[in-house]
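Engineer: All chains should be built: construct the whole structure from the sequences, respecting the hints.
Chain by chain, the residues run as shown.
Protein chains: 6
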Amino acid sequence: MRIKVINPNTTQSMTETIGAAARAVAAPGTEVVAVSPTMGPVSIEGHYDEAFAALGVIDEVRQGEAEGFDGYVVACFGDPGLLAAREVARGPVVGIAEAAMHMASLIATGFSVVTTLARSRPILEHLVEAYGMGRLCRSVRATDIAVLDLEKPESDARQTILAECRKAIEEDHAECVLLGCAGMADLQRSIGEELGVPVVDGVAAAVKLVEGLVALGLRTSKAGGLAHPLPKAYSGALAGWAPSDAAALRAAE
Amino acid sequence: MRIKVINPNTTQSMTETIGAAARAVAAPGTEVVAVSPTMGPVSIEGHYDEAFAALGVIDEVRQGEAEGFDGYVVACFGDPGLLAAREVARGPVVGIAEAAMHMASLIATGFSVVTTLARSRPILEHLVEAYGMGRLCRSVRATDIAVLDLEKPESDARQTILAECRKAIEEDHAECVLLGCAGMADLQRSIGEELGVPVVDGVAAAVKLVEGLVALGLRTSKAGGLAHPLPKAYSGALAGWAPSDAAALRAAE
Amino acid sequence: MRIKVINPNTTQSMTETIGAAARAVAAPGTEVVAVSPTMGPVSIEGHYDEAFAALGVIDEVRQGEAEGFDGYVVACFGDPGLLAAREVARGPVVGIAEAAMHMASLIATGFSVVTTLARSRPILEHLVEAYGMGRLCRSVRATDIAVLDLEKPESDARQTILAECRKAIEEDHAECVLLGCAGMADLQRSIGEELGVPVVDGVAAAVKLVEGLVALGLRTSKAGGLAHPLPKAYSGALAGWAPSDAAALRAAE
Amino acid sequence: MRIKVINPNTTQSMTETIGAAARAVAAPGTEVVAVSPTMGPVSIEGHYDEAFAALGVIDEVRQGEAEGFDGYVVACFGDPGLLAAREVARGPVVGIAEAAMHMASLIATGFSVVTTLARSRPILEHLVEAYGMGRLCRSVRATDIAVLDLEKPESDARQTILAECRKAIEEDHAECVLLGCAGMADLQRSIGEELGVPVVDGVAAAVKLVEGLVALGLRTSKAGGLAHPLPKAYSGALAGWAPSDAAALRAAE
Amino acid sequence: MRIKVINPNTTQSMTETIGAAARAVAAPGTEVVAVSPTMGPVSIEGHYDEAFAALGVIDEVRQGEAEGFDGYVVACFGDPGLLAAREVARGPVVGIAEAAMHMASLIATGFSVVTTLARSRPILEHLVEAYGMGRLCRSVRATDIAVLDLEKPESDARQTILAECRKAIEEDHAECVLLGCAGMADLQRSIGEELGVPVVDGVAAAVKLVEGLVALGLRTSKAGGLAHPLPKAYSGALAGWAPSDAAALRAAE
Amino acid sequence: MRIKVINPNTTQSMTETIGAAARAVAAPGTEVVAVSPTMGPVSIEGHYDEAFAALGVIDEVRQGEAEGFDGYVVACFGDPGLLAAREVARGPVVGIAEAAMHMASLIATGFSVVTTLARSRPILEHLVEAYGMGRLCRSVRATDIAVLDLEKPESDARQTILAECRKAIEEDHAECVLLGCAGMADLQRSIGEELGVPVVDGVAAAVKLVEGLVALGLRTSKAGGLAHPLPKAYSGALAGWAPSDAAALRAAE
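Chains as they are written, first to last, in the working numbering: chain A, 1 to 253; chain B, 254 to 506; chain U, 507 to 759; chain H, 760 to 1012; chain F, 1013 to 1265; chain P, 1266 to 1518.
Check before you lean on any hint, since a few could be wrong.
Stated by the list, open to error - EDC-like, lysine to aspartate or glutamate: derived pairs with alpha carbons at most 16 Å apart: (1) F:Lys1234 x H:Glu953; (2) B:Lys475 x U:Glu676; (3) P:Lys1487 x A:Glu194; (4) U:Lys673 x U:Asp655; (5) F:Lys1234 x H:Glu929; (6) U:Lys728 x B:Glu447; (7) A:Lys232 x B:Asp402; (8) B:Lys475 x U:Glu700; (9) H:Lys991 x U:Asp655; (10) P:Lys1497 x F:Asp1161; (11) H:Lys981 x F:Glu1182; (12) B:Lys405 x B:Glu269; (13) B:Lys475 x U:Glu699; (14) H:Lys926 x H:Asp903; (15) H:Lys981 x F:Glu1205; (16) U:Lys738 x H:Glu929; (17) U:Lys728 x B:Glu269.
The set of hints was computed from the structure by calculation and includes no laboratory data.
Structural biologist: This is the structure we're talking about:
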């Protein structure tokens, strides 16, 4: 099985962190290919960044369909471009926010999310509702660490995140904590050990969900809202993205 | 007051229909400029089309900020790119789906939406929930007319839409019907007269909401989830979209 | 266009404040007539006061229909008598609570309401739910200022309200604040400037929504829950309110 | 124990039906006094009628407080004036819609309501949500029988209601049916026997709930949204309703 | 009328407290029989304890059907086994959590629950949602008193509970407090007097609801999800619980 | 990795079907042990059956903890005993209803469930809400096939189920169908091929979720509502179930 793990931002060091987290949990027969798009934002902090990151995600899935991937992970906690990517793909596409939330719901009666900037809070709260997790999610907590600062030793990110996780447990009665940014994937193990409650990294969670769906023979439904894009003309700088390829793929199935 | 009405698809004839609908209701002092992006899909029928249409919307708002527009209408019933556009704009940005639903909630205890293809139903149902209209919206009904066929006389679109509106009134007890595509804007008056219940066209509704917000001095809040995009690098084909301009605008405020 | 702005309480000084706020935003061609009923409570602080204020609202709308008004604003943040008034009116009737919430939803991802007495909190929370704003409204905050004390310089109302707005921004992450009483209409501009986030006054918001609906040709739907009252006998002190006039109006349409 | 059962409309024959239903289930030590207000609509079919009926309800509760009643039933399925009446009363006030729904929730996993005119459907659906019964209520069904026609033999009301109840069982999988009008109280027994599922009449249900609350020593909370009306001036035709009496009652407690 | 009040745990002293609370409010003609199962946990603190307590509840209801009881109270605030017990019973079965919530909803616009251990909080929050009380319930508060410590003078339980109730009123704006454990039934009167807001004990509340339902002739609906268990074989240690008796009862009706 | 798949009913042929479905999707390194309890109902059709089946589930998990299993599947679509079993287990416990719903949410924008008897519909609808799937689940459809008749060739179960799935697609716009009974596990592949939309069998789905959780090192949170049962005495026939073993296990961790 081949899974493409897409870091929707273009920061290569983060792609490597993500790829390592994905490979660390992948099953023996699974090949993980971690990529960043060739274009787009260096980090994703808001709706504007997400709109452009979505293109990179779609691009990688389009290529992936030609390359024969079985499934995809969208490795940014805002799940940018997820539904559009599902239209392109034949196999499953899983976002790391949804993955983390679904997995958490199986091992705890309530969780909190610890994320980066406060401006992302409404985005994550919207996902919480869209995924039906309103009753389980006790809060979305921001640390005010910028995404790219996660990688800088001087940011003391690990301590700040750990402190916020502790508040989630004490103040929200969270039984489980979700790391609300793909760039935190490398912290899952060490923070989990210190906290004594399960800590969920969405990258790893999404890999296992894609593996599971592929093993079950479950592919994205093409009978409604996730059907392949209809063939049509696109103009201007976006002409190359017209969904003709998708139509060809559809015909080839 | 200057309002830019953005048809997110590139079909010029539809832009004209939309512009006419907008101008027909604009106040004397309002200048309506109706545009289509220079790039993107000819029609928007699904999440994939929406992801690309969002870029055109953002592009037009970015330009609009330099051109001095006071507010914007996103004239596609899926409200593509709405939240990203709000990050860019200083003034208000209103989508036609939200506009139609808010206005309908003021004149009826329940409404139905009549739209084009069935594949758009989940998109609109998601918006209904996101806008808090779940209790008011009695159903989203698809006519299976493709967006571009709305303009073709041989499609008999008007009769099909009228028939679906009638079903909404009889079967859903809808007290008001929303036209679920910007391309239906020219049907509002005639269908409303035949049905005997209010029919809401989102394009016209959004123009009045933008006019209202501007008159009230209410601009997009920059204190949280809709703050201006953070300045950062974008790479590759999207490098030109890096949010530096926005930063400059912010500084200029 | 003629809009009747109804202050549901009988305090004339407050009617003048409300009228001024309405006229300040009305479009050139709009005539605003601000009135108080000739009967009812001097201020509205609870369900009991609301029940009686509703009569005054209905009375003014009934007269307004004969006087040829195009639309109405119910200028008390509990929206008393709103649905009954809609049954009477042919044109639109908009409450200031709903107006403020709908407008806020277009410029922010979350808002808080700052109101007068704590006893009104459950009333406003009920409206928040009824209007589908549960996800957007982050809290309803009471200042414990009585309605009529808003006008007394010694109450220091402005400072108390400002302080509560600041708490809403800091503690609730509100991106926008709604002034939860018509008697606060004159504070909108100055408080907004100090806070740096949009502040919404429902009176002004409702005027623009009524103007918008009238311009769109959208009147209250008569096809269901807001149909004209059925003609029937009323007895005793309320005999004069029997819905015969409404029937006549209906016939005259 | 003395319970005042208030028929909010002025139709005396309906008050008698209601009184008989109440007395039929009252406990030995309970005195039921069934009244109609001296003013107001002959039947309640819409928000306008409700607004006026609320005054009659409040009037009867005000008098009742002086007369020493222990609790009150508001015997119209729209529960008009309920929250205002609770502010006036020291003891419990129960509406028949809420009573029927709460009781039904204890004996079935889902119920439907069968009511009179279609225009009342949105009112009842609003109550269903306000009372938290959205998951239990499978539908609100209208029979298009006017309230006063319930008493006319030629209306064949019983057969029409029975047929609608049967549809509720078959089409909605309702396990219990609620009679959605106080004027149907006399049908509860015979319809229940024919249907083979529990049929709930709200009048009888409310009497038992009031009896229960009084026996438990539970009175309306005065610590928030249902506190006694604040003393203040009312002007004009409503001057006599100023909440001074309430204040006196409060002092006398 | 004969009501069986079932304490689902096996602690006899608690059964006596519960029985006394039940008898204190029972109507003259009501015989209350308070029992504990002959098997099961000494206290119920979590889902595991609940699963076993459910058997005791079912057992007592099965016997009760043969003994001719008219209705049942399940006197543990987690309402264990409630729906299974309803399948067995012909008459009504009421849990004390649901009883307390329904009664509170009639006298307050918001309540809080004060319970024992923090581990029970998610269980009660789940019931709050399942009973449609999410809008009314302002919080579930744990005191960290173990159930059996309620009876130990040295635990100072009364003071701890009282302090938590005070917090509920001040911090949650609770207008009414629910005692979240059957073992607190004896505190209702004294705590209520000190707090000045209504305090609801579910045991007493449930007795009045069962009395009410029986008086109304309302029995558990057998037309759907609460129908008598289907006759079938049970094996092993549970063979004696096979629903044949129920079938016989059904035939005997 | 060793996973215990627990068929909560005692019908051995069904356990074999379930075991085969589980093994068919298990990863190479996973050992699946499919068991039925030694006691309890032959099939689970209602709350009463569920209450007893829960004991068998708990029993198997208790034994499983001693036997060294890494995780568990509860293979009945009502997820009986799930939360109690989670208290006992250190590793993950996944129910097949939740598994099917979570997996479906990743590949479709809406699904329907096709189950056996109509009496199970409210149970499944309750789970849909409890799992946050209310927006995704378009209907729960009953076929009126008894659970044990699924295995009888003369019941023509496959055709009936297939027909109901077709209705779900046509009438509910379901994009995916969930087989709402563990006894249907063997139909997944063939029905899926005929329908042309994904068909989800919860048994297989749950196996992959448990495998995923174990691989991620995610175990049931012991920091709140799912903590190990507190040690305490159980009396009578249930004495052997007292949670002392669990305490020992806890100590051994």
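Engineer: Hint by hint, say whether it matches the structure.
Structural biologist: For each hint, the structure was consulted:
1. F:Lys1234 x H:Glu953: 14 Å, holds
2. B:Lys475 x U:Glu676: 14 Å, holds
3. P:Lys1487 x A:Glu194: Roughly 14 Å separates the two Cα atoms, so the pair holds.
4. U:Lys673 x U:Asp655: It is violated: about 21 Å lies between the C-alpha atoms, which goes past 16 Å.
5. F:Lys1234 x H:Glu929: Between Lys1234 (chain F) and Glu929 (chain H) the Cα gap is close to 14 Å, so the pair holds against 16 Å.
6. U:Lys728 x B:Glu447: Roughly 14 Å separates the two Cα atoms, so the pair holds.
7. A:Lys232 x B:Asp402: 13 Å, holds
8. B:Lys475 x U:Glu700: With a Cα-Cα distance of about 14 Å, the restraint between Lys475 (chain B) and Glu700 (chain U) holds, given a limit of 16 Å.
9. H:Lys991 x U:Asp655: 13 Å, holds
10. P:Lys1497 x F:Asp1161: This hinted pair holds, its Cα atoms lying about 13 Å apart.
11. H:Lys981 x F:Glu1182: Roughly 14 Å between the alpha carbons, so the hint for Lys981 (chain H) and Glu1182 (chain F) holds.
12. B:Lys405 x B:Glu269: Within the cut-off at roughly 15 Å; holds.
13. B:Lys475 x U:Glu699: This hinted pair holds, its Cα atoms lying about 13 Å apart.
14. H:Lys926 x H:Asp903: Cα-Cα ~15 Å, so holds.
15. H:Lys981 x F:Glu1205: This hinted pair holds, its Cα atoms lying about 13 Å apart.
16. U:Lys738 x H:Glu929: 36 Å, violated
17. U:Lys728 x B:Glu269: 33 Å, violated
In the structure shown, a violation is registered for the earlier hints numbered 4, 16, 17, in ascending order.
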